[in-house]
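For the sequence shown, the positions run 42 to 270 when this note's numbering is used.
In short, the hints are calculated from the structure, not lab data. Some hints could be false.
Okay, the calculated beta carbon distance ranges per label pair [unchecked claim]:
1. 153 - 90: 29 to 35 Å
2. 163 - 79: 43 to 49 Å
3. 153 - 205: 30 to 36 Å
4. 112 - 172: 37 to 43 Å
5. 118 - 168: 34 to 40 Å
6. 198 - 70: 39 to 45 Å
7. 168 - 71: 34 to 40 Å
None of these values were measured; they are calculated from a predicted model. Yeah, the Cβ is synthetic: ideal placement off N, Cα and C, and Gly gets one too.
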Amino acid sequence: MTDTTLSLPPLQQGASSGEDQSWLTALADWTVSLMEVIGPVGAGVAIALENLFPPLPSEVVLPMAGLTASRGSFTLFEALLWTTVGSVVGAFMLYGLGRWLGAARLRSFAAKMPLLHPEDVDRTVAWFERHGGKAVFFGRMIPIFRSLISIPAGVSKMPLWRFGLLTGAGSLIWNTIFVLSGYLLGENWHIVEEYASILQYVVIAAVAIGVAWFLYSRVRSLLAARKDA
Numbered sequence: 042m043t044d045t046t047l048s049l050p051p052l053q054q055g056a057s058s059g060e061d062q063s064w065l066t067a068l069a070d071w072t073v074s075l076m077e078v079i080g081p082v083g084a085g086v087a088i089a090l091e092n093l094f095p096p097l098p099s100e101v102v103l104p105m106a107g108l109t110a111s112r113g114s115f116t117l118f119e120a121l122l123w124t125t126v127g128s129v130v131g132a133f134m135l136y137g138l139g140r141w142l143g144a145a146r147l148r149s150f151a152a153k154m155p156l157l158h159p160e161d162v163d164r165t166v167a168w169f170e171r172h173g174g175k176a177v178f179f180g181r182m183i184p185i186f187r188s189l190i191s192i193p194a195g196v197s198k199m200p201l202w203r204f205g206l207l208t209g210a211g212s213l214i215w216n217t218i219f220v221l222s223g224y225l226l227g228e229n230w231h232i233v234e235e236y237a238s239i240l241q242y243v244v245i246a247a248v249a250i251g252v253a254w255f256l257y258s259r260v261r262s263l264l265a266a267r268k269d270a
């Protein structure tokens, strides 16, 4: 690792508001400081935490790893290696949470919740058992779902080797895109974060629409059942 002190790129250009600028700057500062202290392992630690706390944007953490690599603190290969290792470690933690919860606990939880039924859990587990491989692989490249997809994998007890392989492959693709963006764009790394934010908003909107449709269908079914009774 070199003794050169890294100066952060100006986040003002990529921030949409003062509040966004403040917390993004703090996150970038912390990420770079961590990588300066413990090298590429710091990038892995940051990404592992991002997996556990989805609000932490990988679109900021990963380009900072690439930017740091471009300045000679470590190699591009090390940045890709350790961010992928961090992704897999964080994913396995959430997988473990899913295994601990299990289908039985989730059925019990659903039975106590309004508008939910144990059958909903059974259908979700059955769907995941049919499409789990594709869900884990492609889910690692979708904001928000890249973390949460590990939980149903644990609930359905996907084999550890298969989960690890699919998670590693999907994470490597996602990480490579953003680490390379930071490595190649340098001080202009924030450009890719802006486009990634658009994708995140699309995903959030799609989830909101899906939840609204589910609630609408469930309420309509309850009203129809009461009317027939």
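Practice prompt. If any of the earlier hints don't hold here, list their numbers in rising order.
Written response: When the structure is compared with the hints, none of them turns out to be violated.
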